[in-house]
Amino acid sequence: MTSETYLNHPTFGLLYRICSLGENRELFTTLYAQRLFFIVISKTEGVSIEPITRSESRLLVDRRLRELRLLESSTEYTELQSVYKTTF
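The opening residue of the sequence shown carries number 15 in my numbering; numbering runs sequentially from there.
Check each hint, because a few of them may be wrong.
Straight-line C-alpha distance at most 25 Å; calculated DMTMM-like pairs for lysine to aspartate or glutamate [claimed, not checked]: (1) Lys57 x Glu40; (2) Lys99 x Glu70; (3) Lys99 x Glu86; (4) Lys57 x Glu18; (5) Lys99 x Asp76; (6) Lys99 x Glu18; (7) Lys57 x Glu81; (8) Lys99 x Glu40; (9) Lys99 x Glu64; (10) Lys57 x Glu86; (11) Lys57 x Glu37; (12) Lys57 x Glu70.
Distance ranges between label pairs, derived from CB positions [as the list claims (entries may be wrong)]: (13) Ser34 x Pro65: 16 to 22 Å; (14) Ser62 x Ser17: 29 to 35 Å; (15) Ile66 x Gln95: 17 to 23 Å; (16) Arg72 x Glu37: 17 to 23 Å; (17) Gly36 x Thr101: 15 to 21 Å; (18) Ser88 x Asn22: 31 to 37 Å; (19) Arg80 x Glu18: 19 to 25 Å; (20) Thr89 x Pro24: 32 to 38 Å.
In short, the hints are calculated from the structure, not lab data. As the structure is a prediction and not an experimental result, all values here were calculated from the model. Glycine is no exception: its CB is placed at the ideal position from the N, C-alpha and C atoms.
I would like the entire structure built from these sequences, with the hints used as guidance.
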């Protein structure tokens, strides 16, 4: 079981981490409505938060699911697939 990660956004409140998108990039959504999506990029200067559309976020999660399936990471794949079904 993985730990849940949250981020406090000054305008949108708590953001919930959906998945990692690679080096220093993660996909977040608003905690309660799950209608707004953001890419959070961690840099040495700080954190950058970029809004993206629901369809863009769905494509990113689809891509991540394919990567996990090829890497045969079954635990992470199963968890992300569950999040995918409830979010999209």
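Sort out whether Glu18 lies within 25 Å of Lys57, counting only the CA atoms.
-> OK: Lys57 and Glu18 at ~21 Å, within 25 Å.
Pair hint Lys57 and Glu86, alpha-carbon separation not exceeding 25 Å = violated, 29 Å
Can the restraint linking Lys99 and Glu64 be considered satisfied, given a maximum Cα separation of 25 Å?
-> Judged against 25 Å, a Cα distance of about 23 Å means the pair holds.
For the pair Gly36 and Thr101, does the Cβ-Cβ distance stay inside 15 to 21 Å?
-> holds, 19 Å
Determine whether the Cβ-Cβ distance between Ser62 and Ser17 falls within the hinted range of 29 to 35 Å.
-> violated, 23 Å
Does 17 to 23 Å hold as the CB distance between Ile66 and Gln95, or does it fail?
-> Taking Cβ atoms as reference, Ile66 and Gln95 lie about 20 Å apart, which means the hint holds.
Please work out if Lys99 and Glu86 have their alpha carbons no farther apart than 25 Å.
-> OK: Lys99 and Glu86 at ~20 Å, within 25 Å.
Hinted pair Lys57 and Glu70, Cα distance within 25 Å | holds, 22 Å
Hey, Lys99 versus Glu18, does the alpha-carbon distance stay inside 25 Å?
-> Between Lys99 and Glu18 the Cα gap is close to 17 Å, so the pair holds against 25 Å.
Lys57 paired with Glu40 [C-alpha distance capped at 25 Å] | holds, 12 Å
Is the Cα-Cα distance between Lys57 and Glu81 25 Å or less?
-> OK: Lys57 and Glu81 at ~24 Å, within 25 Å.
Go ahead and decide if the range 32 to 38 Å is satisfied by the Cβ distance of Thr89 to Pro24.
-> The hint (32 to 38 Å, Cβ to Cβ) holds, given that Thr89 and Pro24 are roughly 34 Å apart.
Comparing the model with each earlier hint shows violations of hints 10, 14; every other hint is respected.
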